[in-house]
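Enquirer: These protein sequence lines are chains A and B, in that order. Per this note's numbering, the very first residue in the first sequence carries number 1; after that it's consecutive. Per this note's numbering, the very first residue in the second sequence carries number 1; after that it's consecutive.
Hints were generated in silico from the structure; no laboratory data involved. We treat Cβ as the ideally placed atom computed from N, Cα and C, and that holds for glycine. Please note that the accuracy of each hint is not assured.
Just so you have them, the derived chain A footprint on chain B, three or more residues with Cβ under 8 Å [said to hold, decoys possible]:
| hint | region |
| --- | --- |
| 1 | 64–78 |
| 2 | 86–94 |
| 3 | 149–159 |
| 4 | 289–295 |
If we take Cβ atoms under 7 Å as the criterion, some of the chain A residues that face chain B in the derived model are [claimed, not checked]:
| hint | residue |
| --- | --- |
| 5 | 319 |
| 6 | 321 |
| 7 | 371 |
| 8 | 428 |
| 9 | 431 |
| 10 | 434 |
| 11 | 442 |
| 12 | 451 |
| 13 | 453 |
| 14 | 524 |
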Amino acid sequence: MKTRSKASAVAVTAALAVVVSACGGGGGAKSTSGTGSDEKPASQYNAGVTQVVNPSEKTGGTLHMGMPGDFDSVDPGDQYYGYAWNFSRFYTRALTMFKPVPGEEGLQLVGDLAEDLGKPSDGGKTWTYKLRKGIKFEDGTPVTSKDVKYAVARSLDKDILPSGPTYFNDWLDLQGYTGPYKMKDKLDDFKAVETPDDYTVVFHLKKAYGGFDYFAMLPQTAPVPAAKDTGSKYKEHPVSTGPYMFKSHELTKRIELVKNPNWDPATDPNRKQLNDSVEVLLGQNEDDLDQRLLSGKIDVKINSTGVAANARKTVLTDPKVKQYADSAAIDRTWFTNINGDVKPFDNIHCRKAVMYAADRSAIQGAYGGPDAGGDVALSLMPSKMTGYQKIDPYGVEANPTGDLTKAKEELTACGQPNGFSTTISYRNERAAEKLTAESLQQSLGRIGIKLEIKGYPQGDYFKLYAGKPDFAKKNNLGLMVYGWGADYPEGFGFFQQIVDSRVIRDAGNTNLGVKDPKIDELIDQAAGETDAAKRNAIWAQVDKQVMDSAFILPYVWAHGLFYRPPTLKNAFVSQNWGMYEYLTLGTQ
Amino acid sequence: MTAPLDVPESAIEAGPETVLEGTETSVIRGRSLGQIAWMRLKRDRIAMTGGIVILLLILVAVFAPLLVSWFGHPPGEWHREKLDPSIGAPLGAFGGISGDFLFGVEPDSGRDLFSRVLYGARISLLIAFFATLLCVVLGTVLGMIAGFFGGWVDTVISRLMDIFLAFPLLVFALALAGVIPDKAFGLSGDTLRISLLVFIIGFFNWPYIGRIIRGQTLSLREREFVDASRSLGARNHTILFKEILPNLLAPILVYSTLLIPSNILFEAALSFLGVGVRPPTPTWGGMLSDAVHNYQVAPNFMIFPGLAIFITVLAFNLLGDGLRDAFDPKAR
Numbered sequence: 001m002k003t004r005s006k007a008s009a010v011a012v013t014a015a016l017a018v019v020v021s022a023c024g025g026g027g028g029a030k031s032t033s034g035t036g037s038d039e040k041p042a043s044q045y046n047a048g049v050t051q052v053v054n055p056s057e058k059t060g061g062t063l064h065m066g067m068p069g070d071f072d073s074v075d076p077g078d079q080y081y082g083y084a085w086n087f088s089r090f091y092t093r094a095l096t097m098f099k100p101v102p103g104e105e106g107l108q109l110v111g112d113l114a115e116d117l118g119k120p121s122d123g124g125k126t127w128t129y130k131l132r133k134g135i136k137f138e139d140g141t142p143v144t145s146k147d148v149k150y151a152v153a154r155s156l157d158k159d160i161l162p163s164g165p166t167y168f169n170d171w172l173d174l175q176g177y178t179g180p181y182k183m184k185d186k187l188d189d190f191k192a193v194e195t196p197d198d199y200t201v202v203f204h205l206k207k208a209y210g211g212f213d214y215f216a217m218l219p220q221t222a223p224v225p226a227a228k229d230t231g232s233k234y235k236e237h238p239v240s241t242g243p244y245m246f247k248s249h250e251l252t253k254r255i256e257l258v259k260n261p262n263w264d265p266a267t268d269p270n271r272k273q274l275n276d277s278v279e280v281l282l283g284q285n286e287d288d289l290d291q292r293l294l295s296g297k298i299d300v301k302i303n304s305t306g307v308a309a310n311a312r313k314t315v316l317t318d319p320k321v322k323q324y325a326d327s328a329a330i331d332r333t334w335f336t337n338i339n340g341d342v343k344p345f346d347n348i349h350c351r352k353a354v355m356y357a358a359d360r361s362a363i364q365g366a367y368g369g370p371d372a373g374g375d376v377a378l379s380l381m382p383s384k385m386t387g388y389q390k391i392d393p394y395g396v397e398a399n400p401t402g403d404l405t406k407a408k409e410e411l412t413a414c415g416q417p418n419g420f421s422t423t424i425s426y427r428n429e430r431a432a433e434k435l436t437a438e439s440l441q442q443s444l445g446r447i448g449i450k451l452e453i454k455g456y457p458q459g460d461y462f463k464l465y466a467g468k469p470d471f472a473k474k475n476n477l478g479l480m481v482y483g484w485g486a487d488y489p490e491g492f493g494f495f496q497q498i499v500d501s502r503v504i505r506d507a508g509n510t511n512l513g514v515k516d517p518k519i520d521e522l523i524d525q526a527a528g529e530t531d532a533a534k535r536n537a538i539w540a541q542v543d544k545q546v547m548d549s550a551f552i553l554p555y556v557w558a559h560g561l562f563y564r565p566p567t568l569k570n571a572f573v574s575q576n577w578g579m580y581e582y583l584t585l586g587t588q
Numbered sequence: 001m002t003a004p005l006d007v008p009e010s011a012i013e014a015g016p017e018t019v020l021e022g023t024e025t026s027v028i029r030g031r032s033l034g035q036i037a038w039m040r041l042k043r044d045r046i047a048m049t050g051g052i053v054i055l056l057l058i059l060v061a062v063f064a065p066l067l068v069s070w071f072g073h074p075p076g077e078w079h080r081e082k083l084d085p086s087i088g089a090p091l092g093a094f095g096g097i098s099g100d101f102l103f104g105v106e107p108d109s110g111r112d113l114f115s116r117v118l119y120g121a122r123i124s125l126l127i128a129f130f131a132t133l134l135c136v137v138l139g140t141v142l143g144m145i146a147g148f149f150g151g152w153v154d155t156v157i158s159r160l161m162d163i164f165l166a167f168p169l170l171v172f173a174l175a176l177a178g179v180i181p182d183k184a185f186g187l188s189g190d191t192l193r194i195s196l197l198v199f200i201i202g203f204f205n206w207p208y209i210g211r212i213i214r215g216q217t218l219s220l221r222e223r224e225f226v227d228a229s230r231s232l233g234a235r236n237h238t239i240l241f242k243e244i245l246p247n248l249l250a251p252i253l254v255y256s257t258l259l260i261p262s263n264i265l266f267e268a269a270l271s272f273l274g275v276g277v278r279p280p281t282p283t284w285g286g287m288l289s290d291a292v293h294n295y296q297v298a299p300n301f302m303i304f305p306g307l308a309i310f311i312t313v314l315a316f317n318l319l320g321d322g323l324r325d326a327f328d329p330k331a332r
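Generate the whole structure from the sequences, applying the supplied hints.
Expert: Have a look at this one:
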């Protein structure tokens, strides 16, 4: 899952920030409190991480949301940001969903459009879902299995809907089907999804995958009526099946959702419809947005990392403000790839020397410190993910600033006792990654590894630079600063794209050079395993093997620092999203 | 200049003889334009202040390593002990300003801002000077040729200037700096980046000075001394370099001084946008760009490099204005 970096959003607006901030308010953000009283309920820092803050069932009012940028899309078939998936459940219902509750229970999948989770057969190659009856679109038309099939079919066409994940393209047994835009009126050729009756959907996979319920959670399975589909323009008004529907969508400026009269709470045990309307202001100046959030004029800031660097100081140093903040763990690890294609990193001991010498606590500072940046990572797998088992093969807990003795031993074992020179790449737009590269230059310099620092534009980082093995090798990119977030909190959704050597292509890679046949073997084992407990045990082994082969230097398990104004009701951090659960929020 | 109102009586009463006597004792020397300008400049306190500041800046840039070893810490060295570990903001008042860290420290890394600003001066001045040199050489040569020869040569060069002036320079600079390889023309690393910036800034800014030189040459070539020289049989290049160029020195000097600050700003803008010199080499523009994320946490991070740019640009502008007045008081 992608995280829109703080830096990229700020970079665009940075030059204008000083000029615009005075008038960047935009219209419509009024005080959210209906009672008009000034007293603010006391709260506690991090209260929202484990429990529901300000529970309330009162209805009415408007939920004001604000965003520093724009969604990749609000079309359920075309989204890849966690906050976009979180938001789209206001107006869409996928087959399954994460339970909108605090704590670990929030990592559990439950049926949403489907009555229950999928039934696997054929050893995990076929998955069957039974839809709930009585669910209607916003215009009153009943939702049928055909609408789900059509939604999945359209999401396959990455030319029209480029942003979403490619799991269905990769896993469904498509038999040459390319989507309804290129193959008009040939939905019957789409044999990978079958609809034996109006309330049954059957998926056929190329090979077994035990975690298919996670795919069924993707907004790509949310029903889309074929007659209303306008392709890339569907985002202007996605047809609702949830408690809210689009009233207006001024592209890149503002979204207004109102109550969907055809949503029946009897069919939906997980959602609430507390607000009369939901308003989202898009393209806001980030620092200004943070100020409005802190003053309560905005109820929720939509992004993946919470308040930006400037507001962080106010939030963390003023106890009156800090009591309303939560430091939420995200399924994301910040790390640097150690490129085995570049000498001398073909030697595992040279890679291990880097693992030992890196000052992880300095990098933690570069990402914003323990509250806003995250915890020092002991291994690659984020600690809050399902199936995480604690390992610390490089003794990071005892020596967060590095273990120079061990590092020098490894250097000697590698035959480079005096160190060597190599290059480290980072993404230009990301201030924290630049600082990370500079920090590694300092900490690896302690054992004689000299780094030259090179920044590349993040838009082409994978297509042309770090993600292109030829380029990386030719330009001596021994270290590549990177980071990855899980699409969903289970091993496959985190590991497969970054450590499976078989996904490495000529360019555009997400795996920047982890090549270990043992890891590949473990991934296959895990994916085919339908027993969740056994599967999770294998993912823990993958984590260990990745650390042992030393192709990846993890340093921070990311946190976001989020702020909930005292007037916000039913606020809690979803363990799955790593941010506030939007579905339950109210203001009364 | 007006005559002084309070003329001493002795001067009024003095006869013409006494005045003549005076001239006999002191020899009247002709003063060159340069000498006159220098005298005028010396009297212009504002311009002189600008000049002194520039001199100091150059000294600071040249001796930055020495100054840093006395008063600061190496520019790349991290001092995380100077930061609040929970928010990465500098400890202490005003961004951690102390006797040890004169300008405070950078948030998140704790690097010494004093030494980073000092080292930043080197890059800024280096690029600005060389880029200006390139502008001036190109602009003078092409401007003189266009103005002196006229005809189709003038037409071609003038249209070329128009094209260059219409060029979307910033966009081009961003694109070029993005695609430049790590090694080219036998250069690599920072040397290559700096040369590239010098080239971009210099090569695309010459028409500004080129037009001025062309105009001056146009009027100079009609003057009597040029005719005289020509009638004595001087060839074109002799006239250009012996007769016209010396008369152009004044405008060249003035406009170079005024070009330098605009080039400093352009370099800062490029660094701000991330296409300047590679980290961890500090530049003023690059520091400002990082400071944007932290201006509430550590205002000193934005203030000091900002002040450095401000003072440098102001000093050059003041000196440039003073020079222009000194060489040509009528042009005011």
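Enquirer: Now, for every hint given, state plainly whether the structure supports it.
Expert: Against the structure, the hints come out as follows:
| no. | hint | verdict |
| --- | --- | --- |
| 1 | 64–78 | holds (count 3) |
| 2 | 86–94 | holds (count 4) |
| 3 | 149–159 | violated (count 0) |
| 4 | 289–295 | holds (count 6) |
| 5 | 319 | violated (13 Å) |
| 6 | 321 | violated (12 Å) |
| 7 | 371 | holds (6 Å) |
| 8 | 428 | holds (5 Å) |
| 9 | 431 | holds (6 Å) |
| 10 | 434 | holds (6 Å) |
| 11 | 442 | holds (5 Å) |
| 12 | 451 | violated (10 Å) |
| 13 | 453 | holds (5 Å) |
| 14 | 524 | violated (39 Å) |
Taken one by one, the earlier hints fail for this structure at numbers 3, 5, 6, 12 and 14, listed in ascending order.
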